[in-house]
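Student: Residues per chain are reported as follows:
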Amino acid sequence: ETGVTQTPRHLVMGMTNKKSLKCEQHLGHNAMYWYKQSAKKPLELMFVYSLEERVENNSVPSRFSPECPNSSHLFLHLHTLQPEDSALYLCASSGPYNEQFFGPGTRLTVL
Amino acid sequence: KNQVEQSPQSLIILEGKNCTLQCNYTVSPFSNLRWYKQDTGRGPVSLTIMTFSENTKSNGRYTATLDADTKQSSLHITASQLSDSASYICVVSPDSNYQLIWGAGTKLIIKP
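The listed protein sequences derive, respectively, from chains A and B.
For what it's worth, our numbering labels the leading residue of the first sequence as 1, then goes sequentially.
For what it's worth, our numbering labels the leading residue of the second sequence as 112, then goes sequentially.
Check the hints yourself; a few may be wrong.
Which bits of chain A does chain B cover? Going by a derived footprint, with three or more residues having C-beta under 8 Å, they are [claimed, not checked]:
no.	segment
1	49-62
2	98-111
Here are the simulated lysine-lysine pairs, DSS-like style, with alpha carbons at most 25 Å apart [claimed, not checked]:
no.	chain 1	residue 1	chain 2	residue 2
3	B	K182	A	K40
4	B	K168	B	K218
5	A	K36	A	K19
6	B	K128	B	K168
7	B	K222	B	K112
8	A	K22	A	K41
9	B	K128	B	K222
10	B	K168	A	K18
11	A	K41	B	K218
12	A	K41	B	K112
13	B	K112	A	K36
14	A	K22	A	K36
15	B	K182	B	K218
16	A	K18	A	K36
17	A	K36	B	K128
18	A	K40	B	K222
19	A	K36	B	K168
20	B	K168	B	K182
21	B	K182	B	K112
22	B	K222	A	K36
Derived coverage of chain B by chain A (criterion: at least 3 residues anywhere in the stretch with Cβ under 8 Å from a Cβ of chain A; other residues may be distant) [as the list claims (entries may be wrong)]:
no.	segment
23	151-159
24	213-220
The set of hints was computed from the structure by calculation and includes no laboratory data.
The structure displayed is predicted, hence computed values, not measured ones.
We put the beta carbon where it would ideally sit given N, CA and C, even for glycine.
Only chain A is shown next, with the shape it has when bound in the complex:
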């Protein structure tokens, strides 16, 4: 285990649903990340939080809404998603030197 946990591991939702992904890190890191991984594509950075402040927002549609209540927890709130949003969503955290440790991911399917 890397010290980063994600729940749920699998999620199926309709386009009108609202759901949330949760990430927790037990490494004492100050930065946390959300990535999207689609089949055969490089990881896409979505959001970065450092000391609970959002420092990166890579042109992500507003139907994805992150929340970082403290340095150990990160959420990704989902609403009115599209089928093309189906992917593996990965959370990571990093300490010094930006070495990133990843959680196991949430496999999201949007019907």
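Position chain B against the provided structure of chain A, taking the given hints into account.
Tutor: Coordinates of chain B only, in the frame set by chain A:
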């Protein structure tokens, strides 16, 4: 444009054989290069990280090389095992805090 390209896209080898995966990058400035292993349906796990001044680094049966002049890296796997079946991703860090430039990965399959 900052890019990381990996080859081959996929590779099948027999258990016990060696293999080498390639990574070419056009990232500038350059801070470090990492190799990650990602098992199917799991998050990536770091194998090695190399800075500009390092040209080789080993982690067990994995050996990474870096040629910063030609902007190429390779990952050599020795005496492959079935558990080596995974995607191997090359990642380059520019001189910034959070952005990493990710390759699409090489999918390696080890057959018994």
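Student: Can you give the numbers of the hints that this structure goes against, from lowest to highest?
Tutor: 7, 10, 17, 19 and 22
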